[in-house]
Amino acid sequence: AQSVSQHNHHVILSEAASLELGCNYSYGGTVNLFWYVQYPGQHLQLLLKYFSGDPLVKGIKGFEAEFIKSKFSFNLRKPSVQWSDTAEYFCAVKGAGSYQLTFGKGTKLSVIP
Amino acid sequence: EAQVTQNPRYLITVTGKKLTVTCSQNMNHEYMSWYRQDPGLGLRQIYYSMNVEVTDKGDVPEGYKVSRKEKRNFPLILESPSPNQTSLYFCASSLSLTGDQPQHFGDGTRLSIL
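Just so you know, the sequences run in chain order Y and V.
For the first sequence, position 75 (counting from the first letter as 1) is numbered 75 according to our numbering, and the numbering increases by one without interruption.
For the second sequence, position 85 (counting from the first letter as 1) is numbered 85 according to our numbering, and the numbering increases by one without interruption.
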């Protein structure tokens, strides 16, 4: 069975600080990986996704993530956060060709102006 | 406008009273799914559907039923709701059968079972 682990429950940063949110997955095959963001009171939106090819994936709003197969990781990064990045971030994994998407428990990001 | 529509957005009801949460998408997506979101647990998949009349259990299917009689609709049915089903529910849809395409989420339905 696939699983996802997000290391940080709550991260607090000042504006302009750099961000890295950890995500590790467990699955014994080829994976598709996703990061979603949920702003307060809203539904989930896709930030970026990895299916194959270049392991460094760029998404919306200046976010990027790197797939490191040997570490089973897909960490999310942003060089300089803004107050508007305050949200909850979810990493998700799916076996390639599978229909089931498994989410991590989420990381809350609070950015202080 | 492409969207996933859930109804109702909020519902407070009592234990044992059957309820249905509807989900409709206008993108001709084949894949649809239901999740529940609980604090500290993230999103957990309840059921998913690969196409009309094809459904399968996710990680937490107990106490729920679904049906997929038409491509656009994927209702979630709680035959006898219990307080542990109090949660925020999201419906999602995706274009591809293999799920390589990202999912589009509805705005959520907050259920309170007393």
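Among these hints, one or two may not hold up.
Said to hold, decoys possible - So the derived list for chain Y, only partly shown, Cβ under 7 Å to chain V, looks like this:
(1) His43
(2) Leu44
(3) Leu46
(4) Arg77
(5) Pro79
(6) Gly95
(7) Tyr99
(8) Phe103
(9) Lys108
Stated by the list, open to error - Listed next, the in silico DSSO-like pairs over lysine-lysine satisfying Cα-Cα at most 30 Å (straight line):
(10) V:Lys17 to Y:Lys69
(11) Y:Lys108 to Y:Lys58
(12) Y:Lys49 to V:Lys17
(13) V:Lys18 to V:Lys65
(14) Y:Lys105 to Y:Lys71
(15) V:Lys65 to V:Lys17
(16) V:Lys71 to V:Lys17
(17) Y:Lys108 to V:Lys69
(18) Y:Lys71 to V:Lys17
(19) Y:Lys49 to Y:Lys108
(20) Y:Lys108 to V:Lys71
(21) V:Lys18 to V:Lys69
(22) Y:Lys49 to V:Lys71
(23) Y:Lys69 to Y:Lys105
(24) V:Lys57 to V:Lys18
(25) Y:Lys105 to Y:Lys58
(26) Y:Lys58 to Y:Lys69
(27) Y:Lys61 to Y:Lys71
Unchecked claim - Some chain V residues flagged as far from chain Y (calculated, every beta-carbon gap over 10 Å):
(28) Met27
(29) Ser33
(30) Tyr35
(31) Arg44
(32) Gln45
(33) Lys71
(34) Asn84
(35) Leu95
(36) Pro102
(37) Gln103
Hints were generated in silico from the structure; no laboratory data involved.
Using N, Cα and C, we set each Cβ at its ideal position, and we do this for glycine too.
Q. Checking the smallest CB distance to chain Y, is Arg44 of chain V really beyond 10 Å?
A. Answer for Arg44 of chain V: violated, closest chain Y Cβ roughly 7 Å.
**Q.** Proposed proximity, Lys69 of chain Y with Lys58 of chain Y (alpha carbon, max 30 Å)
**A.** holds, 17 Å
Q. Is the straight-line distance between the alpha-carbon of Lys69 of chain Y and that of Lys105 of chain Y 30 Å or less?
A. Holds. Lys69 of chain Y to Lys105 of chain Y sits at ~21 Å (cutoff 30 Å).
Q. Taking 10 Å as the cut and beta carbons as the points, is Gln103 of chain V off the interface with chain Y?
A. Nearest chain Y Cβ is 7 Å from Gln103 of chain V, so the label is violated.
Q: Please confirm whether Pro102 of chain V is truly not at the interface, meaning its C-beta sits more than 10 Å away from all C-beta atoms of chain Y.
A: Violated: least Cβ distance 4 Å, not greater than 10 Å.
Q: Sort out whether Lys17 of chain V lies within 30 Å of Lys49 of chain Y, counting only the CA atoms.
A: Violated: Lys49 of chain Y and Lys17 of chain V sit about 40 Å apart, past 30 Å.
Q. Quick one, are Lys18 of chain V and Lys69 of chain V close enough, alpha carbons at most 30 Å?
A. Within the cut-off at roughly 20 Å; holds.
Q) Is it the case that Tyr35 of chain V keeps its Cβ farther than 10 Å from each residue Cβ in chain Y? A) violated, 8 Å
Q.
Checking one constraint from the list: CA of Lys17 of chain V to CA of Lys69 of chain Y, max 30 Å. Satisfied?
A. Not OK: Lys17 of chain V and Lys69 of chain Y at ~48 Å, beyond 30 Å, violated.
Q: Please work out if Lys105 of chain Y and Lys58 of chain Y have their alpha carbons no farther apart than 30 Å.
A: Answer holds: Lys105 of chain Y to Lys58 of chain Y is near 23 Å, not above 30 Å.
Q) Can we trust that Leu95 of chain V is non-interface, i.e. its beta-carbon lies farther than 10 Å from all of chain Y? A) Nearest chain Y Cβ is 13 Å from Leu95 of chain V, so the label holds.
Q) Within a Cα-Cα threshold of 30 Å, do Lys61 of chain Y and Lys71 of chain Y meet the stated pairing? A) Judged against 30 Å, a Cα distance of about 26 Å means the pair holds.
In this structure, the hints that do not hold are numbers 4, 5, 6, 9, 10, 12, 17, 18, 20, 29, 30, 31, 32, 36, 37, in rising order.
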